[in-house]
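Number of protein chains: 2
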Amino acid sequence: MRTLEHPEKERFSLDAVLAALADPVRRRIVAQLAGGHDDQACIAFDLPVTRSTSTHHFRVLREAGVIDQRYRGTAILNTLRRADLDERFPGLLQAVIDAHAATLTGGREGRAAPAG
Amino acid sequence: MRTLEHPEKERFSLDAVLAALADPVRRRIVAQLAGGHDDQACIAFDLPVTRSTSTHHFRVLREAGVIDQRYRGTAILNTLRRADLDERFPGLLQAVIDAHAATLTGGREGRAAPAG
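Protein chains in written order, with the working numbering: chain A, 1 to 116; chain B, 1001 to 1116.
Derived from the structure by calculation, the hints contain no laboratory data.
Idealized CB from N, CA, C, for every residue including glycine.
Treat the hints with care, as some may be off.
Said to hold, decoys possible - Ranges of calculated distance between the beta carbons of each label pair, as one might list FRET restraints:
hint : chain 1 : residue 1 : chain 2 : residue 2 : range
1    : B       : G1035     : A       : A44       : 32 to 38 Å
2    : A       : A102      : B       : T1055     : 28 to 34 Å
3    : B       : H1037     : A       : T105      : 45 to 51 Å
Said to hold, decoys possible - Chain A side only, calculated, beta carbon under 8 Å to chain B, not exhaustive:
hint : residue
4    : D15
5    : L18
6    : G35
7    : C42
8    : I43
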């Protein structure tokens, strides 16, 4: 069985976690995982990007320690590492999830609505 | 008097704020502002980078809405836009400041201690 590399929680980098969460597609993945069950397959995410870009985004999240990924057959199942993140960076994940939700309901996100 | 451009709080981009905070030098600036008084001059920050890199980091923070910068004579004074950030993204700034402090006391940050 192939396995995927994950950082131990003691080795999480705040730089990497914040950079991972600084992308709207990756926050969408995180928000779906936070609002749903564990072990969601990559194909269960309706993302506005190509499949290879999607794979890239999942990998960035995994390598930062934000999600756990494991194979089941040919599918990859994704789970939010909420407990690990909350232990290392208390309050951070939820603050980002809340802020992401607010940008969706507020309807204004910088990239989507450039000035001018 | 020259003035510097700042985004209105309604136009803050969560992408830009998180990307701005994903750098350890910029978090150091934010932490110093959070723990001190308003209107701290750029030269009051002892940063491990060149002056032009330092200027770049302050600009990234300003353009994301994290800090306010204004001229006083030839100096630039910096103030954390804590109220604006707290209004737009409740809890986010403090969670990042706390996480940054924890990485300093914990002594492990991914970039500083590469695996191997």
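Against the structure, the hints:
1. Taken as a hint, the range 32 to 38 Å is violated for the pair G1035(B) and A44(A), whose Cβ atoms sit roughly 43 Å apart.
2. For the hinted restraint 28 to 34 Å between A102(A) and T1055(B), the CB-CB distance of approximately 31 Å keeps it satisfied.
3. At about 35 Å, the beta-carbon gap between H1037(B) and T105(A) misses the expected band of 45 to 51 Å.
4. About 5 Å separates the beta-carbon of D15(A) from the nearest beta-carbon of chain B, less than 8 Å, and the hint is met.
5. Checking L18(A) against chain B: minimum C-beta separation of about 4 Å stays under 8 Å; hint holds.
6. At its closest, the beta carbon of G35(A) sits 17 Å from a beta carbon of chain B; the interface hint therefore is violated under the 8 Å criterion.
7. At a threshold of 8 Å, the smallest CB-CB gap from C42(A) to chain B is about 22 Å, leaving the interface hint violated.
8. At a threshold of 8 Å, the smallest CB-CB gap from I43(A) to chain B is about 25 Å, leaving the interface hint violated.
This entry does not satisfy hints 1, 3, 6, 7 and 8, going by the numbered hints stated previously.
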